[in-house]
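Asker: We have chain A; now place chain B with the ligands onto it with these hints.
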Amino acid sequence: MVKKALCEECGNEIIIPDDSLVGEIITCSTCGIDYELVKVEESRVELKEAEAVGEDWGE
Amino acid sequence: MTLGLVYDRIRVEEKELIESAKSRGIDLKLVDTKQEYIDIHDEKEKLEEKYGTTVLIRCVSYFRGFSVGACLENKGIKVINNTKVLQICGNKLLTSLALVKAKIPTPKTMVSFSLEGALESSEKLGYPSVLKPLIGSWGRMVVPLKDRDIAKAMIEMREEMSNPLDKIYYIQEYVDRPPRDIRCIVVGDEIVSAIYRYSPPDDWRTNVARGGTVEPYPVNDEFEDLILRTSKAVGGGVLGVDAMESKEHGILIHEINSTVEFRGAASVSKCNIADEIIKYALKLDRR
Ligand SMILES: Nc1ncnc2c1ncn2[C@@H]1O[C@H](COP(=O)(O)OP(=O)(O)OP(=O)(O)O)[C@@H](O)[C@H]1O
Ligand SMILES: [Zn+2]
Chain A
1 MVKKALCEEC
11 GNEIIIPDDS
21 LVGEIITCST
31 CGIDYELVKV
41 EESRVELKEA
51 EAVGEDWGE
Chain B
1 MTLGLVYDRI
11 RVEEKELIES
21 AKSRGIDLKL
31 VDTKQEYIDI
41 HDEKEKLEEK
51 YGTTVLIRCV
61 SYFRGFSVGA
71 CLENKGIKVI
81 NNTKVLQICG
91 NKLLTSLALV
101 KAKIPTPKTM
111 VSFSLEGALE
121 SSEKLGYPSV
131 LKPLIGSWGR
141 MVVPLKDRDI
151 AKAMIEMREE
161 MSNPLDKIYY
171 IQEYVDRPPR
181 DIRCIVVGDE
191 IVSAIYRYSP
201 PDDWRTNVAR
211 GGTVEPYPVN
221 DEFEDLILRT
231 SKAVGGGVLG
241 VDAMESKEHG
251 ILIHEINSTV
261 EFRGAASVSK
271 CNIADEIIKY
281 ALKLDRR
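Line by line, the protein sequences are chains A and B. Residue numbering for the first sequence follows this note's numbering, beginning at 1 and increasing consecutively. Residue numbering for the second sequence follows this note's numbering, beginning at 1 and increasing consecutively.
Note that these hints are calculated values from the structure, not bench results. Among the hints, a few may not be true.
As a list, the in silico PhoX-like pairs of lysine-lysine whose alpha-carbon atoms are at most 25 Å apart [said to hold, decoys possible]: (1) K29(B) <-> K39(A); (2) K50(B) <-> K39(A); (3) K232(B) <-> K50(B).
Distance windows between CB atoms, simulated [what the hints assert, rightly or not]: (4) E51(A) <-> M161(B): 26 to 32 Å; (5) M141(B) <-> S29(A): 28 to 34 Å; (6) S29(A) <-> S114(B): 20 to 26 Å; (7) K50(B) <-> E42(A): 47 to 53 Å; (8) S162(B) <-> T30(A): 31 to 37 Å.
Simulated coverage check for chain B against chain A, where a stretch passes if three residues somewhere in it have a Cβ under 8 Å from a Cβ of chain A [claimed, not checked]: (9) 53-63; (10) 104-115; (11) 130-139.
Built from N, CA and C at the ideal position, the CB exists for glycine as well.
One chain only, chain A, in its complex shape (with noise of 0.2 Å):
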């Protein structure tokens, strides 16, 4: 079964691959935003808006 969520952005509706991990990032294809991914199981995907860029962030 294809795993979606809803953007609350913008209300598209997001398609998460089926090799996403928790912890991973997923950018809506509608609005650009960055949900980060919190949950997946069999029926329910959560996701929550992604950190913004931290001024130390890097390699």
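Answerer: Leaving out everything else, chain B with the ligands in the frame of chain A:
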């Protein structure tokens, strides 16, 4: 053993590390730092249960990774990279100091602490020069100073910022180089990948995060020696060493990354970089 992977965001690199650990049948502990707290009084065994006996620190946030690493190391858990390395590589000034100390060729660099000092140092270096933040990556806030007016404007802007680190001015000579630099991935005492990174047409920076392209770099003995000496100078481990080809001075090392992103390198490398990192962690765990 149990291997830990501490993260705050799963990137392509973390996915590959997870996959490699799984295919080796390793008991992998995945810890999202954002969901956790650490009791700094906990015994080693208790921390190991959650974090593993050897831990890869893979946070995108430098301060987060460093802080978790310090807590684990304090109880005798091995972290990759160790916090001394994280600290040096996370700070461009400390990196430059380590390079100078080890006599590794690096661009001429000056540090100053006020608008006046910064302007004087950039006059000394000559224009153009490059102003960099002490902390930060992916080429963010790295700006070329083309002339005195631009230098003054940029530094005045930084003077207005609230973070005290923004008022320390790390200014470097602009190295005359081809529109590319070299990214070398070192695991232990081995170079596992070396690539050219080309800057995208609309940017002078070569960071893959900015959309640059890559190509394999032919490593010779002299280069290998320089890179391994560089790795040693900052304490070793799993590192991304960045070098430039100065038209005047040959290879110069300008930056060392301690939570290296290797997707660009992986796309043109024969070896499995993630797996090399996992193998290194296994070896370290047994020590
Ligand atoms: N002194 C210099 N002269 C010319 N180009 C430079 C100089 N220093 C850095 N660059 C170029 O600017 C870009 C960003 O520099 P640098 O690597 O220092 O920043 P960074 O934010 O730490 O990036 P990363 O961590 O991804 O390597 C790179 O493409 C590098 O080749
Ligand atoms: Zn959307």
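Asker: Honestly, do S162(B) and T30(A) meet the 31 to 37 Å range at C-beta?
Answerer: holds (35 Å)
Asker: Does 47 to 53 Å hold as the CB distance between K50(B) and E42(A), or does it fail?
Answerer: Given a distance of about 26 Å, which is not inside 47 to 53 Å, the answer is violated.
Asker: CA of K29(B) to CA of K39(A), is that 25 Å or under?
Answerer: Holds, at about 17 Å.
Asker: Assuming the hint says 20 to 26 Å, is it satisfied by the Cβ distance from S29(A) to S114(B) or not?
Answerer: Cβ of S29(A) to Cβ of S114(B): about 47 Å, so the range 20 to 26 Å is violated.
Asker: Has the segment 130-139 of chain B got at least three residues whose CB is nearer than 8 Å to a CB belonging to chain A?
Answerer: holds (count 5)
Asker: Tell me if the beta carbons of M141(B) and S29(A) are separated by a distance inside 28 to 34 Å.
Answerer: For M141(B) and S29(A) the Cβ distance comes to about 29 Å; the hint holds.
Asker: Holds or violated: the 26 to 32 Å window for the beta-carbon distance between E51(A) and M161(B)?
Answerer: Violated, at about 20 Å.
Asker: How does the coverage statement for the segment 53-63 of chain B fare against chain A, requiring three or more residues with Cβ below 8 Å from a Cβ of that chain?
Answerer: holds (count 4)
Asker: Between K232(B) and K50(B), does the CA-CA distance stay at or below 25 Å?
Answerer: Status violated; Cα separation ~30 Å.
Asker: Decide if the proposed pair is consistent with the structure: K50(B) and K39(A), CA atoms, cutoff 25 Å inclusive.
Answerer: Measuring from Cα to Cα gives roughly 20 Å; hence the hint holds.
Asker: Closer than 8 Å Cβ to Cβ for three or more residues is the test here. Does the segment 104-115 of chain B pass it with chain A?
Answerer: Since three or more residues must qualify, the claim that chain A covers the segment 104-115 of chain B is violated, with 0 doing so at under 8 Å.
Comparing the model with each numbered hint stated earlier shows that hints 3, 4, 6, 7 and 10 do not hold.
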